[in-house]
Amino acid sequence: MQDEVFNELADLALKGSGQSIPKSKAYLIEARLAPIARREGFGTMADLVHCVKSRANPAFIAEIAATLVSKETRFFRERETLQRVLKDVLPERLKATNTGRLKIWLAGGSTGQEAYSLAILLEDELPPALRGAKIEILSTDICKVTTENARMGRYGHYDVQKGLSIHRLTKHFNRLETGQWEAGEALRSHISFRQHNLLESAAGLGKFDVIICRNVLPGMARSARVRVVESLASQLVPGGLVLLGQGEGLIGLTNKLEPARDFRGAWVAAGTANAAASAA
Amino acid sequence: MKTCLIVDDSRVVRKVAARIIRDLKFNIVEAGNGAEALKACRESMPDAVLLDWNMPVMNGLDFLRALRREDGGKKPLVVFCSIENDAEHINEAIRSGADEFIMKPFDADILESKFAEVGLV
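Residue numbers (my numbering), protein chains in the order written: chain A, 1 to 280; chain B, 1 to 121.
Worth flagging that the hints you see were computed from the coordinates, not collected in a lab. Virtual Cβ for every residue (Gly too), placed ideally from N, Cα, C. Incorrect hints may appear among the rest.
[What the hints assert, rightly or not] Part of the chain B face toward chain A, derived, beta carbon under 7 angstroms:
(1) I83
(2) S96
(3) G97
(4) F101
(5) M103
(6) D109
[As the list claims (entries may be wrong)] Label-pair ranges, simulated between beta-carbon atoms:
(7) Q2/A <-> N27/B: 47 to 57 angstroms
(8) M1/B <-> D11/A: 51 to 61 angstroms
(9) D47/B <-> E4/A: 37 to 47 angstroms
(10) V57/B <-> E136/A: 46 to 56 angstroms
(11) A59/A <-> D47/B: 21 to 31 angstroms
(12) E182/A <-> E84/B: 54 to 64 angstroms
(13) A87/B <-> S192/A: 52 to 62 angstroms
(14) M1/B <-> A59/A: 51 to 61 angstroms
(15) A87/B <-> I36/A: 28 to 38 angstroms
(16) A59/A <-> R11/B: 52 to 62 angstroms
(17) A108/B <-> E177/A: 26 to 36 angstroms
[As the list claims (entries may be wrong)] DSSO-like mimics (lysine-lysine), calculated; alpha carbons at most 27 angstroms apart, straight line:
(18) K162/A <-> K39/B
(19) K75/B <-> K2/B
(20) K75/B <-> K162/A
Please put together the full structure from these sequences, using the hints given.
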């Protein structure tokens, strides 16, 4: 890929999704955009860039930016975090609310494995303290197609064999004629899916008790990370928590969030860590 | 070091599986059918068994039922492995004493994930 073509596409990714794609990963751009280029009849990435530049179509540009975001995920990735949310975080949050209702946002939920994993835990391992609570999961992704796929909940041979035990697979998924496995009604009843770009205001999504945002920030430019993190912070209910992926930190990035006292590795809105601890 | 018995009538499949499972830090023993596998278990009970379904002489299901009746035969964690992957086949394998089930074809990632599910790695 020529430098100028790479620069154009990298710039488009940065503006559209906050992704920072280094030159060493130019191959990722080609791999991820190949289906779009094929569909639109562009022979090369240069043709695609030329089209975007000569006739800017915001929807098409947004689609390109969304397509450039990694969709890598798997069932029960970093499962300790999900288990902790279920066993520790949610019961604690339930005590703090009087509505009997808890909302979880999976920010950057890709093809839905994370959401279905959490729903499986709600079905299989619900702690007594959460019985009767209404727990809603919202999974959002920047990409429209990915969001539709997540909502469809159909997974192939390889996807369902990584992270899912055979017991969970046969209990919660139905095998289709095509050989794919489809998430069952019980799992679906816990989850809703929406397309959402984390760089945009999340006010329309409502407030959440727990926001899980994993493997999203590390691929982003610093300015985008700040914007996303502050947007997440503004969607927390008082005392709500943000959980990031393993090894992801926020130190020096924002003063809107600070480490939670009660949950190692989790973050709360600044100024509330002590209040939450003394209330507990 | 733990031992894994790989039971498959295809030498190629055994070889591929052996390479992957050796990387997971297991000693490997191989058998070409259920009868050979049962003989191997009577000599020394493995920690894990990766078990094919369709084999000549004695198939995987018959081996599994026989194994579970052996002295110490409840101990090995058995990961069934088959091209037959409808719910009926899977349930029959589990009812017969399998701990996990892999739908063929598999790769290193799937094998490792399934071994992790039953606590072997």
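* To do: Report holds or violated for the interface hint on M103/B, using the least CB-CB distance to chain A and a cut-off of 7 angstroms.
  => holds (6 angstroms)
* Does G97/B pass the interface hint, meaning its C-beta sits closer than 7 angstroms to a C-beta of chain A? -> Result: violated, 13 angstroms to nearest chain A Cβ.
* Return holds or violated for the Cβ distance of A108/B and E177/A against the range 26 to 36 angstroms. => holds (29 angstroms)
* Asked: Measuring from the C-beta of F101/B to each C-beta in chain A, is the shortest one below 7 angstroms?
  -> Holds - the Cβ of F101/B comes within 7 angstroms of chain A, reaching about 4 angstroms at its closest.
* D47/B and E4/A, beta-carbon distance inside 37 to 47 angstroms? -> violated (58 angstroms)
* D109/B as an interface hint toward chain A, with CB separation required under 7 angstroms -> holds (6 angstroms)
* With 52 to 62 angstroms as the target window, see if A87/B and S192/A comply at their CB atoms. => violated (28 angstroms)
* That 21 to 31 angstroms hint for A59/A and D47/B (C-beta), does it hold up? -> Violated, since A59/A and D47/B (Cβ atoms, about 56 angstroms apart) do not stay within the stated range.
* Against chain A, with CB atoms and a cut of 7 angstroms, does the hint on S96/B hold up? -> violated (13 angstroms)
* **Pair hint outcome, K75/B versus K2/B [Cα-Cα no greater than 27 angstroms]** => OK: K75/B and K2/B at ~12 angstroms, within 27 angstroms.
* 27 angstroms limit on alpha-carbon distance, applied to hinted pair K162/A and K39/B -> Distance of about 32 angstroms is beyond 27 angstroms: violated.
* **Agreement of K75/B and K162/A with the hint, judged by alpha carbon distance not exceeding 27 angstroms** => holds (24 angstroms)
The structure does not agree with the numbered hints 1, 2, 3, 9, 11, 12, 13, 18 stated previously, though it agrees with the rest.
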